[in-house]
Each structure stands twice: as structure tokens, then as C-alpha cells.
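Q: Listed here are the chains, written in short residue letters.
Number of protein chains: 2
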Amino acid sequence: MSRTRVVLDESEIPTHWYNIAADLTTPPLPPLGGDGNPVSPEQMLAIFPGPVLEQEMSAERWIAIPEEVRKIYALWRPSPLCRAERLEQMLGTPAKIFYKYEGVSPAGSHKPNSAVPQAYLNKIAGTKRLITETGAGQWGSSLSFAGQCFGLPVEIYMVKVSFNQKPYRRLMMQTWGGDVVASPSERTKTGRDILAADPNNPGSLGIAISEAIEAVVSNPGSKYALGSVLNHVLLHQTVIGLEAKKQFEKIGEYPDMMFAPCGGGCNFAGAVFPFLGDAAAGDKRAQKIRMVAVEPASCPTLTKGVYAYDYGDASGFTPMMKMYTLGHDFMPPGIHAGGLRYHGDSPLISQLYHEKLIEAVAVPQTATFEAGVMFARAEGIIPAPESAHGIRACIDEALRCKASGEPKTLFFNLSGHGHFDMAAYENYFSGNMQDFAYSDEDLQKSLKTLPNVDWPPKAA
Amino acid sequence: MSRTRVVLDESEIPTHWYNIAADLTTPPLPPLGGDGNPVSPEQMLAIFPGPVLEQEMSAERWIAIPEEVRKIYALWRPSPLCRAERLEQMLGTPAKIFYKYEGVSPAGSHKPNSAVPQAYLNKIAGTKRLITETGAGQWGSSLSFAGQCFGLPVEIYMVKVSFNQKPYRRLMMQTWGGDVVASPSERTKTGRDILAADPNNPGSLGIAISEAIEAVVSNPGSKYALGSVLNHVLLHQTVIGLEAKKQFEKIGEYPDMMFAPCGGGCNFAGAVFPFLGDAAAGDKRAQKIRMVAVEPASCPTLTKGVYAYDYGDASGFTPMMKMYTLGHDFMPPGIHAGGLRYHGDSPLISQLYHEKLIEAVAVPQTATFEAGVMFARAEGIIPAPESAHGIRACIDEALRCKASGEPKTLFFNLSGHGHFDMAAYENYFSGNMQDFAYSDEDLQKSLKTLPNVDWPPKAA
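In order, the protein sequence lines correspond to chains D and R. With the numbering used here applied, the first sequence corresponds to residues 1 to 460, in that order. With the numbering used here applied, the second sequence corresponds to residues 1 to 460, in that order.
Among the clues, some could well be false.
Derived pair list, reagent style BS3-like, types lysine-lysine, alpha-carbon separation capped at 25 Å [stated by the list, open to error]:
| # | chain 1 | residue 1 | chain 2 | residue 2 |
| --- | --- | --- | --- | --- |
| 1 | R | K189 | R | K288 |
| 2 | R | K71 | R | K246 |
| 3 | R | K284 | R | K96 |
| 4 | R | K250 | D | K250 |
| 5 | R | K304 | R | K250 |
| 6 | R | K250 | D | K71 |
| 7 | D | K250 | D | K71 |
| 8 | D | K408 | R | K71 |
| 9 | R | K245 | R | K356 |
| 10 | R | K250 | D | K246 |
| 11 | D | K96 | D | K408 |
| 12 | R | K408 | R | K96 |
| 13 | R | K245 | R | K189 |
| 14 | R | K246 | D | K250 |
| 15 | D | K284 | D | K245 |
| 16 | D | K166 | D | K284 |
| 17 | D | K71 | R | K408 |
| 18 | D | K96 | R | K71 |
| 19 | D | K71 | R | K288 |
| 20 | R | K71 | D | K166 |
| 21 | R | K96 | D | K246 |
| 22 | R | K288 | R | K96 |
| 23 | D | K71 | D | K245 |
| 24 | D | K408 | D | K356 |
| 25 | R | K246 | D | K71 |
| 26 | D | K250 | R | K96 |
Covered by chain R, according to a simulated footprint, are these stretches of chain D (three or more residues, beta-carbon under 8 Å) [what the hints assert, rightly or not]:
| # | segment |
| --- | --- |
| 27 | 287-298 |
| 28 | 424-436 |
If you're looking for bench data, these hints aren't it; they were derived computationally from the structure. The structure displayed is predicted, hence computed values, not measured ones. We put the CB at the ideal spot given by N, CA and C, even for glycine.
With the hints as extra help, turn the sequences into a complete structure.
A: Below you can see the structure in the form of C-alpha cells.
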């Protein structure tokens, strides 16, 4: 029997996260406040606890994973590295296809890899309540689970239209003890003002963020937790790539190309950063890997955006970060891969892309579902719509290998399962799925709203 | 870090299934036809293919698992054996709690363990189309996946009310290429007759079975596949217990008590039969294990039923089998654990229970959901309502251990996750969940409908 799944013992869960900030050729650029100056640690401490901020700003290459976090990771980690041999046969490609499966976590995606350490670091810092927002509910459910692990209450502002239309993820949060409220809510002034003006307001991610931040600032002992984009989130996700390296080593294989979906960028970063670390340390094989971030054609941040300082959120509440962006008020079409509908990209990934250390490709919606169904029929697992983006790009490469005869070794990060996304598959099977294009006119308009700042500041 | 999950390499997937028929003190009793005589192999061959029937009737102790089946098993097997240490701490029990997690399969339950070999055996027997019925969709989705693995078309008659109310499992079947039709359908005479009389008939499992059997009989090359109850289904599930034995051995532990939910009985059988085999072979430790089948208080087949010949289905289409039964027209209340709403029990399990080699207990619905939520909060995984029955009984024992101070080693089979059952959790959280009792009057009435046959025949 040939090798299908490479499993590791729980003693092989990494003991340290890999921090790519230590290996960048130029130091990461600071987040800027409204005045155009770097945000002070004091300002950040109002939102995040000390131990999280310390990781956010660290330049240490290796950061120890607390034993308490490794114990929770052990509920599902190490995740398997799988050979998609049946998919290879279906495609008739000479390429070998491997994937790391992160859907084995309780929440069904890679998100708990960061939710758990964030809950732990908040707990030891004395945080009394974690507050966050969620759209479709992937992050909210992961943080509810993580808070439950350490006895830390979690409050989630969930966009009202999702709260009503996607009750299952809301119920997951409640099962793990999360306090979920439909946003706009009566709990914050922001919410009350909006409801007074329009009791039927369906909510938006921007409103939910603003309610969550108001709740943090006005409730002493509360802190905020974010599920992507920031350095510490990407750091936590490196357990994925660190495990993958051990697994490839066990079977004497090594990737020529790596693919992962990229919205905020945390699952892409988690998979590829440890290999970039090897490349930085002089590993010739690692230097040859082509690493491809896969984004939706309707929200093509890396492939069509600009590298500039912009707000992290649509409403301009957050600090400005230097990143690839479509403009903070770019409104992506309502694709099913909600986790990839983000106008920006993590500053770390943006810098690596700017320095041409990684590549990016954009794929249309229908083609990703076609790839998702193909994968499900070959390998069993029904992938999340976000994850199907990585599969699509990997299949496209496998088909190029078929044409050229190249026996490349391909890898993709299967970030989660699609059990809570079956309505999206229904839309695909109905034949009514649309391939939204971004509007170039809208893009030009939203790019005009970019704040006119940079770091170091331009001479006046 | 203490041991949380015991994983095995795919080379450790069992090479043989264990057939308990070889170790019974008296041979299993035959299924009987309407005339009171054993059903002939020819009659069975109209429904099942030769290689499946061979396993159904075999008295060989070990039956080789075809390499093609082991390759598909390797997509998710061996499944992990986990220590529920956080649950132990939550309960404050001196007991050790272990569970085998079958929710890692593509369909999310133990059902593919039998769907895959059934599809394979049909494929090599030349079957052109597999036909089955499904209620909530667990079995239909598993068989769709299995058929896809071997390029064998699968046709599923899904009870219409579930088809409309539970679209996600239907969509899973479609994702794997299954041909799902709402029953009653226009495809069979049975369906057409019912629709002619009542176009809005919501369907029932009895109607779906009868449509599926009609479709098999009237379409040459078609065969039927069943997801529980029969000997070969229980045989296939023994991979669960065979793996668990290896896993316990690796960590030097051994169960004092084993729990599993029991409807038709296949997941209970899968977990405990290999240990019963050891007991039959003279293993003193195995002889001491208490094995507890857990059933819903509203459908208490083993604990309140009688041991008699009865039809396997509500409508009396199938042969009669000697089993614990509540009477084939007993209508269990609409509990959320649809997989446990069965009036009978597998003949093998019934015989073992009759011979007092296994025990049974019945638990009420609300208490099972309480246990399910407790488990999810401790261990992360949200269990299926069926699986929560085993958890409930295991927790009850762990609490008895707390009272008595006994450090027992407890095991339960976590047969699947609850990702497609979140509406049931909503019902629990709403506070409106009911603890249906079976009606003693209904039971007495349905027991009166038992066919008056036995084997060997009573003297006239």
C-alpha cells in the first residue's frame, strides 16, 4: 500500500513558532495612527494585552509555544499531510500532489491555531473578556472554542444578516459557550445609534468591528482578538508549515511549488513562512520553491492592488498599515469564499510579495467550485470555498505538468472543510453561480480614498 | 506533555475484519421468508451480490480486507484513539476516559467503513448501479462517497420531508455524484401510486425502502446496499475495535467498560466485537470488560423489547430476523438521533444480549444533549446526537467512579460529528427540547403485530 497520509506523534507538535520578521531583508514598516506617526505601544495596549503585543513586535526568530497551548493543539494536531494520489490519477498528471489538512480542528479550519494562543496569552495577562467580530463565523467559532479552553468569556459581534442566515456557525459558538450578539446591537452606542436610525439595518463587518472596539474600550478588563492580517496571527499559523517540513522529510519528498488561498493571509503564511525561513538560512532546495498565494478574481488584492498605507478596515477605525490594498472602501462582490473578501493583505505578506519572494494568482469563483467538487470526488473531503482556491491553482499547475510532462511535487494547504458551506455548493450545482469580476472603475475610485501617508514620511 | 491522541500509521490499518459468527456458542438463526422457512440464497441474490452474501453467511473468523478497500480506508483511517483528559478534569472523576473518533471520515461518521467495502464488492461482482434509501442522509452520503470511489453509480431514495428540510446532507450526496431523489418519487410504481393518491405525501422510511427494493428488482444489474443491522455490515465495522486494541496496547491501557450508541447496532458492534473475540479466545482481561449498548429511552429496543422473529422494516417487505424488537410497526417519537430510531436491533447483537454477554442502558434525549455540550466544551468536537448517547452513559459511569473513588478505564465510540445536526443543538439551547417517553400502550399494541414464527419451528 502506498503512502496516503503522513501522521506525526503529538510529541512532534512544534515547540516554537517561526517568526519571519527575523529574516526580512528590511525591517517591517510600523502601523501608523491618524496623525501619520507610528502607533505607540500604549495605544496598542488599550486593545491588545502585553504578551500578544510582544509577539506582534518581536524580532526573535523562534518564539516558544507555551506548554498549555501545545496541550490544546494536541486535541487535533499534528494535522495530517496527505498524498492526493486519486486526484493525480483523475487528472492524469505526472505531478505528485500533497496537501496539509487543517479541517481536522474542532472548528474545522486553521483558525484555532491562533485563537488558542491568543486566548491563552490574554488569560495570563489577566484579561477578563475577549471581544471580537465575525462575518460568516469561522473566526468567532474558533475564538469561542479557544476561550472555553481557558475559562475566558468570549463576546462576538456577528453581522446581523449572517446571524440570521447562517444559524449553524452561531450555534457552534453557543455550543462552546460564546456570547454571540447580532450586530448592530443594543449593547454599544454605535449599535444603538444605527438601530435608532434604521431598526432593520442588516449590519456589516465595518459596523461589527466598530461595536467590538467600542465594547473593548468601554469595558475595563476586555481585550480584542483578531483572526488574520497581524504579525502574531501569522506567527501562530506557522505550526502548519513546520509540521509539513517534518512530514515531507519522513517520506523523502520536497515541494517544488506551494499553493494556499490568501485573504488576510494567515493560512498562506502558516504554510510557506517556515520554508521561506529555510531559504533565508541558505537552504538551496527551499530557495527554489515557488510559493503562490491564491486570491479570488473578484477581490484581487495582490494581483491588482497597490502597495501603500491603508486602513485595515472599511471604516477607517484601525491604524494604517503598509500593504497591498484595493482601497479600504473597495466593496468586493458577495462571493461564497467570505474569508477571502478582504480589501487588503497582511503587511508581512505584502512586503514579501513586493520583494518578489512569493507569487500570486487570481482564480474565478465557478472554477474554484469545479475544483472543489473534483477534489471531493477524488479524495472524499469536501473543501471550504476558501480552500478550494488553493486547490484550483494547484490543479491548474498539475494540468500544466501533464502538458509538459514535468513530474513536479506540488503542495497546497487545505485550510478547512465545507460542512457549513453546503449552500454555496447548492448554488454551484444549480448552474446559477456567477463569476463576479471586480469593476475597474470601482477599483480606481476606491484607490483614490487611500490615505496620503507613508513611512518614513515623504519630505513635505 | 501527556498523551492526548494515539495515532497509528496507515500500515497498521487492519488486514482482516473479525467475524464474530465464528465465536458464537450457538450458530446465528437464519432469516425467514413469509412462509416461515429460511430465505434461500437465490432469493437473497436478487437483492445482494454474491461476494456480499458470502460475507453475510460466513463462519470464518477472519475475512481479508481487499487491498482496494484498505487504500480507500487510508484516506481517513486509522482513526485516532483519544484520551478525554479535559473531560475527566471537568467531571472531577478518577476514571480515565478514552474515545475512538470516527468523525474523521469524509462523511463524518463510521458509516463509510461498510459503504466502501459494499461498493467494492458490488463493483467486482459486476453490479451496474447501487440503490439504497436514506432518512436524514448519513448512510446515503456514505454510499455516494463509496460509489464514487469505484466508479459505481448510486441511486438514493431520500424521505421527502428530509430531502426538503435537510438540504445539506442531500448536497453532500450530490457533491459525491449520488443520484438523490425525493421519496415518494415518480420513478417507481410504489411512488407513483402513492403520489396519485396524495401528491403531498411527505414520505417515510418504509416507503423509501419499498421504492428502493422495487427499483432493484425491476432494474437488472442493480443491487441493494444496507447501512446497518446485517452481519456483513457489522463485520466491516470491526476495523474500529481492531484499531482500538492496537492503540490501547501502545499506551499500556485497557478498558474496564465500553460504551457505544446502539440503533441497528453497527457502530456498537464495530467497537466491541473484537474484544468479545479475545474473550472467546480465553483472554481473561477481555472477559472482564463490561460492554454497554446505549439506546434512546424513547426507542428502548434491547431494554424493553422482546427477543422474537420480526420484519426488519416497518412495512414487512424484508425477511424476518430473530432480534430484540419493539414490533415492526412501533413508531418511535421524532428524536434528533434519527440513526437510533429503529424498532429492532441487529440479530448478532440481539443474540449476544440474549446470552448476557453484553449489557444495555437507555438514556433520555435532553441528558444526551447535556452530555454532548459538556463534551464539546471539554474536548472541542461537537458530537452527533447519536454519538452523544454513548457519551452520556460514559459520563454517568465516570460520575459513579467519582462517588466510589474507582479509577476505572472507560471507553466510548464517538461515531460521528454533529456538523449537520446543529438545528438539534438549537432545539436544546432553546430550552424546548422534550424527553419523549415511549408509550407502554403503543408498545403492547405493536408487540401484538409480531409474526408468529420461530426457528426451529414450534411443534404444531
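Q: When the hints from earlier in the document are held up against this structure, which numbers fail?
A: When the structure is compared with the hints, numbers 1, 5, 13, 16, 19, 20, 21, 26, 27 turn out to be violated.
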